[in-house]
Amino acid sequence: MTSMRAALVAAAAMTLTVAVHTQSPSPAQPAAAAPPGDAERGKALFVKNGCYQCHNYEGHGGAAGARIAPNPLPFRAFVAYVRAPRGDMPPYTATVMAEQDLADVYAYLRSRPRPADVSRIPLLAR
Amino acid sequence: MNRRGFLKHASLAGAAAIATPAVAEPQSPAARGAAPATPIMSAAAETATPPEAEILTTDRTGSDFMVDVLKAIGLDYICANPGSSFRGIHESVINYGGNERPELITCCHEESSVAMGHGYAKVEGKPLGVFAHGTVGLQHAAMAIYNAWCDRVPVYVMLGNQLDATLRRPGAEWAHSVQDAAAMVRDFTKWDDTPMSLPHFAESALRAYKIAMTPPMAPVVLVLNAELQEQPLGTDVRLAIPKLAIPAPPEGDSRAVAEVARLLVAAEHPVIVADRYARTPAAMAHLVELAETVQAGVISLGGRLNFPTRHPLNVSQARAIADADLILALEVNDLWGVVNTFRDQLHRSSRPLTRPGTKVISITSGDLYLKANYQDFQRFAEVDLALAADAEATLPSLVDAVKRTATADRRRVFESRGAKLAEATSAALDRARLEASYAWDASPVSTARLCAELWGQIRNEDWALVNGTAGWAPRLWSFDKPYQFIGGSGGAGVGYGAPAAVGAALAHKRHGRLAVNIQTDGDLMYAPGVLWTAAHHRIPLLSVMHNNRAYHQELMHVQKMCNRHSRGVDRGRIGSELVDPFIDYAKVAQGLGLHAEGPITDPKDVGPAIARAVATVKRGEPALVDVVCQPR
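These protein sequence lines map, in sequence, to chains Z and S. Numbering-wise (my numbering), the first sequence opens with residue 466 and increments by one. Numbering-wise (my numbering), the second sequence opens with residue 6 and increments by one.
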């Protein structure tokens, strides 16, 4: 069960992450700098290595982890965060997830569909 | 022959044995082996005084009086898994008491009995009773008692026990007897007693109730000696039941309240944080009045439903703590955790969330009563002003003091602040709607979709969420009635959810409300038999499962360890998943007598299944819909 307290903490975490996501990529770290990745392999790695546990299978985030799809951080920032998270996220060293693995996961996250316009979802009406 | 008669005869026989010369008379061969001869009736035999007939029945027992006391207290239900150590009072409840107020509720596990009482009390505002063996029953019940203790909820536990060793039946009754039954839970109950007479029982029963119902509320234990229950009671015996008066909850000191008001009025960014603040239906209105008077943001931590989720001053989804210059904490158990952030990495660390100079005020009855062994009281929090008092009881006088203190200039500041907060809360709702739209059509079903589909089916009913939130209910639903949420387990002891939901639904039943339970899978597997209790007693409850096929919180902890050691990162699920085979909760529930559907994996199927389940619940029966969900 997820309590309201957990939801509050998660909301704060998500707020932080959304703020980061909305930053424009710096010239030195454009999103296009991401190496080629295999989205299908990335999907398997995302599950195998437990990323889904906090970020859910679609990378859409939830009570325990931020939304990281379909617009993750610029690739270099993404790798830096995975290697040395500033928050509670477990660190993934190169021993367990090589750079190419992360590139594949990155490709998977970017392949996730964007949501429909909220106004077209009656159940989410105010 | 009753016990006293038996004891009298036994002691006389003993005395005779001592007084009689120890000369053993040899038994005749006939006496040793022959069948007893048919007595030959004679004039002497027919006219002699017959030997005393053994009295095997009685019209009234001690446990009948105990039921009189329980009725006087006002216990409406007794939850119990049957046990021989309380057979006397069990029979008195169902026959002498007519099985009405209290009515016996059949449970399949003592943890379910207590957790039902936990959920019930948070809706009804008073405890129900629990019967359990003093040994094997209490050991089952202990976890649920601990949850209620942590959650400051009254549960009235009565334990059967046979104190007199010379009267115990050989075998199981010895294994079911104990010198000090309540000892096992004394560290996390507020009071206990083992009455040695019926007048003693009456006084202790009322004392226990008063103590349980006085903030900070907590479980209490009474040990019912089996002899006391089963002893015959003459029809001419008159036993008195003392008067019961529940103490008024402690209010904050008037000078301290005036100081709180002064600080609140003077603050530029006050934030009110409420946790287990709301005890009664009146609490929400008091908090709304206070918040609106000073136009302060309110964070409701979720221990209770303290504040409407859609109120423009509800800043629960915003980062309000960092901006606050004054924090007023109402019955907050973990105040340190509110004003600090903690990082769980190889080297654990923390840092303040508040800015320097922020003043912190605490009003809590938690300062009035604390025990040492179990550490649920959380880390020591630095505060500038502490009122050892019940926050709900203190709020009306605080509201009055604030109104007296606020000047016209300050009221203009309040209005400006309120307008900004309203904009922020409106934006937070829009963010929540946007976030919920991600993975809307995913399978497994997203928890946001689950909550949105459920909300769509219940929003026009008189509903109450009795367990679980799936993280999204408080963000997407409009909670505006005090009974619409009761918080969580308190002690984070898994296994609370399903039985607490059934207990809460039992309380809502008499009000005709639709009780809704967002049920996690791991929790249900602790004691799923409580679903049968709901079916058997026709307790209407809609359970919709947030089934992520794991003890997911623990799974994430193990994953963290795997990552920390850079080994076996792909093996973190071992020991925490509920797969291979998947548990078919619909079949489990059907086998326990419920309408049930699932497992549902396509989000489009969720709404129609919930609609069918709602129809069943509105007919007065429990129903369950199993939805396979994203993890969190």
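In case anyone wonders, no lab produced these hints; they're calculated from the structure. Be aware that one or more of the hints could be misleading.
[Said to hold, decoys possible] EDC-like, lysine to aspartate or glutamate: derived pairs with alpha carbons at most 16 Å apart: (1) S/Lys514 x S/Asp485; (2) Z/Lys513 x S/Asp328; (3) Z/Lys513 x S/Asp575; (4) S/Lys425 x S/Asp328.
Each hint tested on the structure:
no., hint, in the structure
1, S/Lys514 x S/Asp485, "violated (20 Å)"
2, Z/Lys513 x S/Asp328, "violated (40 Å)"
3, Z/Lys513 x S/Asp575, "holds (5 Å)"
4, S/Lys425 x S/Asp328, "holds (13 Å)"
Violated hints, in rising order: 1 and 2; the structure is consistent with all others.
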